[in-house]
Amino acid sequence: MYIDPHVHMSARTTDDYQAMAEAGVVAVIEPAFWLGQPRTSVDTYKDYLASLVGWERFRASQFGIKHYCTIGLNSKEANNEPLAEAVMEILPLFLAKEGVVAVGEIGFDEQTALEEKYFRAQLELAKQFDLPVMVHTPHRDKLKGTILTMDICEEHGLLPSQVVIDHNNENTVKAVLDRGYWTAFTLYPQTKMGSERMVNIARQYGSERIFIDSSADWGVSDPMAVPKTANLMLQSGIPQTEVHQMCYANALAAYQQSGQIAAEDWQTADFDQAELFEGNSVLRGQKPIKSSEA
Amino acid sequence: MKNIQNQPLYDGLRKALSTGPGWQNLTANIEVSRNNYTRAGFFLNFAMAPRWFKSATTHLELDADLDPFGALQNWSMGQAARLLILLELAALVDANEYTAAMSELFKTADVNELIVLVKSLQFIPDGETFVERAREAARSNIESVFCAVAHHTDYPQRYFDAAGWNQLVLKAAFLAVPIWSIVGVRERNNSALVAMLQDYARERQAASRPVPWDLYCCPAWNASSDADFQFLEHQSAISSPKIRAAIVLGLRENNLPKAQTLAAQLPDQPANTLRWEDLAAWDN
Ligand SMILES: [Zn+2]
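Sequence lines, in order, name chains A and B.
Number 294 marks the last residue of the first sequence (UniProt numbering); no jumps.
Number 284 marks the last residue of the second sequence (UniProt numbering); no jumps.
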């Protein structure tokens with residue numbers, strides 16, 4: 001049983017959902033992010049957020065996967081001030097929805113003043129709505145940006161246990177773990193963090209407060225990264241209990257603080273596509289999968 | 001604050017909810033809205049209501065005339081609280097704000113919120129204002145949202161135009177959810193709809209895919225031309241026992257002598273006491 005706690009399913013196909021379900025992924029968390037190019041109006045942003053709590057949740061359910069999301073203004077679009085102001089206005093409307101497990105993904109991209117302004121404002125929203133925070137650390141000038149991110153979180157009175165720092169690598173892992181934050185790793189095929197490197201990190205740092213995700217989106221990425229890396233870890237002799245922590249339990253513990261995700265959601269869900277959902281739109285006439293057959 | 005328009009339902013909901021774990025929270029937050037209405041506060045109350053009531057189910061002891069189509073049966077307290085919040089809103093703000101706030105809520109709703117909103121249309125003041133939102137629900141591929149507008153409500157019968165009505169029934173066939181129990185399906189049956197349903201049945205059969213058994217109620221009730229009767233006779237010959245029974249049942253309810261004759265001639269005569277709800281329980 002796996003959770004992929006960071007995956008942009010809106011950009012993926014039903015083949016991906018099917019493969020993930022077959023590999024044992026029971027739940028996904030989809031952080032609000034940019035779409036590869038900036039949005040030009042708050043209305044398209046609103047429709048995107050609505051799709052995360054609406055259609056995408058339904059689409060996942062057809063494959064027996066529970067879908068959760070995080071809601072936030074991402075760092076890239078924080079640099080468009082009029083858009084950012086308007087998005088900040090609508091965020092409270094979405095933060096109270098069912099299945100919203102964090103404010104995120106937020107943080108720094110270029111580490112501009114506007115990025116910092118809206119990062120701080122959203123930390124305040126997280127406190128107001130009693131939600132954890134999912135932080136996207138910058139891909140450039142990473143260590144400095146990561147440390148700045150943690151400093152700001154603490155300045156706003158958030159506990160490290162309430163914050164997930166994602167996109168870590170060998171250079172940032174120690175600083176983040178030492179300060180008590182949830183330390184997440186995005187597994188990128190070929191570049192950045194690969195599965196083999198992740199195995200080495202797990203060997204060196206153990207499994208406490210560490211978890212992995214695919215961050216799969218519209219770019220070159222692999223929605224199967226969590227189950228694949230779990231298998232590689234097991235083959236490399238990492239104990240089953242530690243793999244379970246890093247590929248399921250730690251992410252659940254981190255986001256469970258929202259009160260909006262619990263193991264019962266997929267353990268007791270009476271999932272029956274034929275009865276609950278229609279068989280013609282997403283499945284396009286394929287035989288629906290009944291829970292007894294899945 | 002204006003008067004609550006649907007006072008008996010409002011009182012019934014309050015009575016049912018007053019025993020629930022979230023009652024204090026609900027009434028306190030409604031009070032805040034009454035004293036100082038903001039749209040954001042209304043949105044927040046609507047979103048949070050189920051959390052206040054956890055998963056408590058209601059035993060809504062409402063008179064049948066308050067819920068004539070059974071839409072509120074099996075509602076949780078959280079859902080009932082959301083309806084109460086909508087009734088409060090309607091009484092609290094002017095027509096413009098009511099329409100604007102409701103429209104915004106529809107646009108940003110999550111799946112469960114959308115189901116409550118759509119089901120509530122038959123109970124809230126000026127529900128017909130939101131007929132386009134109901135049409136969108138009738139286009140939804142999320143079955144639970146579609147069924148919220150199609151079943152246990154006379155809203156489409158009252159407010160959908162001819163095209164909207166026909167698309168609703170056709171979509172029910174497409175989703176393979178009950179057609180026979182749509183309120184008004186007999187009264188609003190028409191030849192244009194029947195032609196679409198006949199085409200749909202033929203298209204499914206050409207692809208060797210099953211046809212919903214209760215699709216045949218509309219063509220059978222409406223049959224009058226030779227072509228209509230030939231279609232039904234042929235379908236009876238090539239279909240399952242359940243569909244054969246549906247065709248006979250529909251023809252028996254068609255007053256034309258020719259319909260009565262064909263009904264008596266078709267094989268596998270079901271009992272005279274058979275009703276649509278009985279047939280619905282048959283295996284396909
Ligand atoms: Zn991401």
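Derived by calculation from the structure, the hints in this document are not laboratory data.
One should not assume that every hint holds.
Said to hold, decoys possible - For the chain B half of the interface with chain A, some residues (derived, Cβ under 7 Å), not all of them:
#1 32
#2 38
#3 41
#4 43
#5 62
#6 66
#7 110
To be verified - EDC-like, lysine to aspartate or glutamate: derived pairs with alpha carbons at most 16 Å apart:
#8 A:144 - A:116
#9 A:76 - A:109
#10 B:242 - B:277
#11 B:242 - B:226
#12 A:66 - B:110
#13 B:54 - A:116
#14 A:66 - A:264
#15 B:54 - A:264
#16 B:107 - A:43
#17 A:127 - A:109
#18 B:107 - B:132
#19 B:54 - A:265
#20 A:46 - B:110
#21 A:46 - B:268
#22 A:228 - A:16
#23 B:107 - A:47
#24 A:117 - A:89
All C-beta atoms, glycine included, are put in the ideal place defined by N, C-alpha and C.
Checked hints:
{"no.": "1", "hint": "32", "result": "15 Å, violated"}
{"no.": "2", "hint": "38", "result": "11 Å, violated"}
{"no.": "3", "hint": "41", "result": "10 Å, violated"}
{"no.": "4", "hint": "43", "result": "5 Å, holds"}
{"no.": "5", "hint": "62", "result": "26 Å, violated"}
{"no.": "6", "hint": "66", "result": "27 Å, violated"}
{"no.": "7", "hint": "110", "result": "4 Å, holds"}
{"no.": "8", "hint": "A:144 - A:116", "result": "14 Å, holds"}
{"no.": "9", "hint": "A:76 - A:109", "result": "6 Å, holds"}
{"no.": "10", "hint": "B:242 - B:277", "result": "12 Å, holds"}
{"no.": "11", "hint": "B:242 - B:226", "result": "23 Å, violated"}
{"no.": "12", "hint": "A:66 - B:110", "result": "14 Å, holds"}
{"no.": "13", "hint": "B:54 - A:116", "result": "37 Å, violated"}
{"no.": "14", "hint": "A:66 - A:264", "result": "11 Å, holds"}
{"no.": "15", "hint": "B:54 - A:264", "result": "14 Å, holds"}
{"no.": "16", "hint": "B:107 - A:43", "result": "10 Å, holds"}
{"no.": "17", "hint": "A:127 - A:109", "result": "23 Å, violated"}
{"no.": "18", "hint": "B:107 - B:132", "result": "12 Å, holds"}
{"no.": "19", "hint": "B:54 - A:265", "result": "14 Å, holds"}
{"no.": "20", "hint": "A:46 - B:110", "result": "12 Å, holds"}
{"no.": "21", "hint": "A:46 - B:268", "result": "56 Å, violated"}
{"no.": "22", "hint": "A:228 - A:16", "result": "14 Å, holds"}
{"no.": "23", "hint": "B:107 - A:47", "result": "8 Å, holds"}
{"no.": "24", "hint": "A:117 - A:89", "result": "15 Å, holds"}
Hint compliance for this structure: hints 1, 2, 3, 5, 6, 11, 13, 17, 21 are not met, and every other hint is.
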